[in-house]
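Chemist: Protein chains in written order, with this note's numbering: chain H, 31 to 498; chain A, 31 to 498.
Just so you know, these hints were derived from the structure itself, not from any lab. Some hints here could point you the wrong way.
Identical copies look the same in the list; a pair holds intra-copy or inter-copy alike.
Restricting the straight-line Cα-Cα distance to at most 25 Å, the calculated cross-link-like pairs of lysine to any residue (SDA-like) are [to be verified]:
#1 K107 to G381
#2 K263 to E312
#3 K365 to G340
#4 K62 to L124
#5 K165 to I364
#6 K365 to H302
#7 K217 to R239
#8 K62 to E125
#9 K217 to N459
#10 K263 to I384
#11 K268 to Q279
#12 K268 to E434
#13 K268 to T235
#14 K263 to A372
Just so we're clear, the structure is a prediction, and the values are computed from it rather than from any experiment.
Number of protein chains: 2
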Amino acid sequence: MNLENYFSDNQAQLLEEFMSFLRFPSVSSEPKHHSDVTNCCEWLVSYLADTGLKVERWETPGHPTVFAESKTYDPSKPTVLIYNHYDVQPVDPLELWDSGPFAPVLRDGEIYARGAQDNKGQCFYVLTAIKALCKSGVSLPINLKLIIEGEEEIGSPNLPQLLKERADRLKADHLLVVDLGIHALSKPAVTLGVRGIVTMSITLTGSNRDLHSGSHGGVVYNPNHALVELLAKLRDSKGRIAVPGFYDQVAELSAAELARIGFDFDPETYYHLFAAQPTGGEQGFTPFQSAWVRPTLEINGVSGGYAGEGFKTVIPAKATAKLSCRLVPDQDPIKTASLITAFLEQHCPPGIAIQTEIHPGVGRALRSQVSGPAVQAVARAYTEVVKTPCSFILEGASIPIIPELSHISGAEVVLMGYGLPDDNIHAPNEHFGVDRLEMGFKTIVKSLQLIGNTKGSDIKGSGVTLRN
Amino acid sequence: MNLENYFSDNQAQLLEEFMSFLRFPSVSSEPKHHSDVTNCCEWLVSYLADTGLKVERWETPGHPTVFAESKTYDPSKPTVLIYNHYDVQPVDPLELWDSGPFAPVLRDGEIYARGAQDNKGQCFYVLTAIKALCKSGVSLPINLKLIIEGEEEIGSPNLPQLLKERADRLKADHLLVVDLGIHALSKPAVTLGVRGIVTMSITLTGSNRDLHSGSHGGVVYNPNHALVELLAKLRDSKGRIAVPGFYDQVAELSAAELARIGFDFDPETYYHLFAAQPTGGEQGFTPFQSAWVRPTLEINGVSGGYAGEGFKTVIPAKATAKLSCRLVPDQDPIKTASLITAFLEQHCPPGIAIQTEIHPGVGRALRSQVSGPAVQAVARAYTEVVKTPCSFILEGASIPIIPELSHISGAEVVLMGYGLPDDNIHAPNEHFGVDRLEMGFKTIVKSLQLIGNTKGSDIKGSGVTLRN
Chain H
31 MNLENYFSDN QAQLLEEFMS FLRFPSVSSE PKHHSDVTNC CEWLVSYLAD TGLKVERWET
91 PGHPTVFAES KTYDPSKPTV LIYNHYDVQP VDPLELWDSG PFAPVLRDGE IYARGAQDNK
151 GQCFYVLTAI KALCKSGVSL PINLKLIIEG EEEIGSPNLP QLLKERADRL KADHLLVVDL
211 GIHALSKPAV TLGVRGIVTM SITLTGSNRD LHSGSHGGVV YNPNHALVEL LAKLRDSKGR
271 IAVPGFYDQV AELSAAELAR IGFDFDPETY YHLFAAQPTG GEQGFTPFQS AWVRPTLEIN
331 GVSGGYAGEG FKTVIPAKAT AKLSCRLVPD QDPIKTASLI TAFLEQHCPP GIAIQTEIHP
391 GVGRALRSQV SGPAVQAVAR AYTEVVKTPC SFILEGASIP IIPELSHISG AEVVLMGYGL
451 PDDNIHAPNE HFGVDRLEMG FKTIVKSLQL IGNTKGSDIK GSGVTLRN
Chain A
31 MNLENYFSDN QAQLLEEFMS FLRFPSVSSE PKHHSDVTNC CEWLVSYLAD TGLKVERWET
91 PGHPTVFAES KTYDPSKPTV LIYNHYDVQP VDPLELWDSG PFAPVLRDGE IYARGAQDNK
151 GQCFYVLTAI KALCKSGVSL PINLKLIIEG EEEIGSPNLP QLLKERADRL KADHLLVVDL
211 GIHALSKPAV TLGVRGIVTM SITLTGSNRD LHSGSHGGVV YNPNHALVEL LAKLRDSKGR
271 IAVPGFYDQV AELSAAELAR IGFDFDPETY YHLFAAQPTG GEQGFTPFQS AWVRPTLEIN
331 GVSGGYAGEG FKTVIPAKAT AKLSCRLVPD QDPIKTASLI TAFLEQHCPP GIAIQTEIHP
391 GVGRALRSQV SGPAVQAVAR AYTEVVKTPC SFILEGASIP IIPELSHISG AEVVLMGYGL
451 PDDNIHAPNE HFGVDRLEMG FKTIVKSLQL IGNTKGSDIK GSGVTLRN
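Just chain H, same shape as in the assembly:
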């Protein structure tokens, strides 16, 4: 068996399998999809069993986690733990999809479906790499462990407890988190950190029912007005969060640390992709500085009254908002959310009742060292597969469970993946390329081989170019 060509030799069958994986509507945030999530989990268990790994389904009060590991353990080899998730985001607005979110189609080399990239696509090339390595007959140079969770998109509410209970099973030397991206296929990069996250819901109530805006307009305090007034107070005119204490725990990076990171931002490419301008950050910071090393407070949803077709002259009983903060070292998620809650309660106008809720699934920010052996091995794998020197970036998004998993496993973390900025993750028409499935496959195979062959040694000087 030719390991290098395994993907291309078996592409038709592998794509069939990938489509099956994508057809499960494993939306973890929507209770109606509970059995779809479970069925997707069962598919994974079956798929992994077929690779020759020992597979377990770990139950939680929510959706189950899949755990798999090599059938034998060799203490002379390093242990690599790989993290993925099989749950996906909701699909609305459904009307903007060109094809069904759970009816995957291949168009011009790209597969379109919810989860095609985030994270089923990235999970699937890991699966194919493991399958190929296991079936190649050659003894793996590492001990392999795999954890694939079903609640990432809702902030992994049950995984921390599970990790504590199964801590002994999760010990590893290196942890590959294959849920990240790069800026372009021509710019391979290892991600040295992600931001933390905390999410909240706010409900403002002005009356016990919707009221006619003619008869009651000028009498009651419209919850929509209270909502916009309160939310507008959260940021000042320079894009800085106006909540007292919000920045107190922010650890500033040194000039040397900043110099290691590729902050280059191309507004033209960005506009071409998204028809958007980089006007959303704090004054005094570049777009990627704002997205990577500064915290945010975003309004992810507002809803109140009638916003459908036509017009309804209503003063709604309630108005709601969903907020999230992206956090940087050393911000504490709960502390940050509590500051915001106190600020909103303090400014809530008379006649309006405010209710706030911090959602589960909070997570701190994470940073890796550029000198770590697995970071270096993966950078070399990228360089060889893409045939372009690998660089180092950061990511503004969050994988809340990773700091926890890193702590429990004791492993060095490498954040990696083949996501691209225009994959439409969390949006209609999400897609992932067949070419990237193959590159991902090769990068995982190569990384595991390199890590296995360099245990205890430093692979610096491997040809990887560090910025600056």
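Given chain H, work out where chain A should sit, using these hints.
Modeler: Coordinates of chain A only, in the frame set by chain H:
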């Protein structure tokens, strides 16, 4: 036939007929209900033909208007035109209805359905009064005309043109607009004015697709942030609209005019009904002053991003809002909306595109004279039916077409009805009482008789108590 007891003698059959009227989902704002609106219109045409009136269906580019009149015209009698509408508001949030909005049920003397009060209930007692008068065999003391439109809840976009075309058919001495309410069954009142209205939609666009709030948070300007910032700027901390020029056309009432109106507001009753406090108006004005003689700018709807169950870490491509202004004499609707549009465009942040739309169906405010003969006749009818002295109030809601209809018909306008504050119009569980159907029936019969018997004379001193 006993006219006085006609309603109670035929109650079972009349309620059956009313239920049939309510079962039509005649939601004028939703294209999917187009044929339901038309079917409702046909039911009315058939019902009115049965009373003995000459009935016509007047087509418009939208929903048809029903017109009916006495088969003979007697120039020695005054002509009374009655206005109602048969279209209704949308029903969402549907989950808050205790029974289907178009499956009317009678519970504890109240009929629950969309339109039970606004305006099918008030229309129906007019129909029963006309039916009884026509079937009584006694010659009517008036020439009767009836206009029932199908687009009131969307601001009567096509009626102005229709009124112009049919102006000669609509000439009348008095116009009864039976779409109003009173504060309590123990407080009968003629309404001396309604506010005008103009409604708008605003759409803010930041990108060509929804974006991940982790990767893009801090880069793009979140349209939800732009929305709350822009909308918050519309009002100052004292509840005053901050749009320059907004109050320039407001005609202040004299102390003598204000003294004629019953502005009494009982916060305890209001709280009991709506669990709401009167904190929404401008500083320096009482609740009913704010609702009746001051203009408002209300946010009737906001929508952007994900506000459903769970959480979605999205920066939406667009955020939208629906705004309405209630206007007082002598504010011009389009001028007012244009001021708001200019203000919003001026303050729109960089990176956000703004699109505004003024909806059709604008209308100026209307005021009647307390000394008008039909105002006095209706006040006396109220006093006799309710057995309580009738007073005079204003109303904050709007019936945009009435100033137009008043002008075309040349008639004295009387705003009347039996709506109550807790009827839940424009909201879930709308209802209307069987007792009020009967009182409405009697009030219409009595009013038409009094107007018919007092042509050209002044019926002041009829026992009606004027406030102050």
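Chemist: Each hint needs a verdict: does it hold in this structure or not?
Modeler: Right, here's what the structure says about each hint:
In this homomeric assembly, K107 and G381 never come within 25 Å of each other (Cα to Cα): the closest approach is 66 Å inside a single copy and 53 Å across copies. For the homomeric pair K263 and E312, the shortest alpha-carbon distances inside one copy (15 Å) and between copies (21 Å) are both at most 25 Å. For a Cα distance limit of 25 Å, the shortest separation of K365 from G340 across copies, 21 Å, qualifies, whereas the shortest one inside one copy, 42 Å, does not. In this homomeric assembly, K62 and L124 come within 25 Å of each other (Cα to Cα) both inside a single copy, at 16 Å, and across copies, at 19 Å.
Taking the shortest Cα distances, K165 and I364 never come within 25 Å of each other, neither inside one copy (46 Å) nor across copies (74 Å). Neither within a single protomer nor between protomers do K365 and H302 lie at most 25 Å apart by alpha-carbon distance, with minima of 38 Å and 38 Å respectively. For the identical chains of this complex, K217 and R239 are inter-copy neighbours only, at 24 Å across copies versus 55 Å inside a copy, given an alpha-carbon limit of 25 Å. In this homomeric assembly, K62 and E125 come within 25 Å of each other (Cα to Cα) both inside a single copy, at 19 Å, and across copies, at 17 Å.
For the homomeric pair K217 and N459, the shortest alpha-carbon distance inside one copy (24 Å) is at most 25 Å, but the shortest distance between copies (59 Å) is not. In this assembly of identical chains, K263 and I384 lie within 25 Å of each other by CA distance both inside one copy and across copies; the values are 15 Å within and 21 Å between. Within a single copy, K268 and Q279 get their C-alpha atoms as close as 20 Å, which meets the 25 Å cut-off; across copies the closest is 36 Å, which misses it. For the homomeric pair K268 and E434, neither the shortest alpha-carbon distance inside one copy (34 Å) nor that between copies (48 Å) is at most 25 Å.
In this assembly of identical chains, the alpha carbons of K268 and T235 lie at most 25 Å apart only when taken from different copies (20 Å versus 30 Å within one copy). Within a single copy, K263 and A372 get their C-alpha atoms as close as 13 Å, and across copies as close as 23 Å, so both meet the 25 Å cut-off.
In the structure shown, a violation is registered for the earlier hints numbered 1, 5, 6 and 12, in ascending order.
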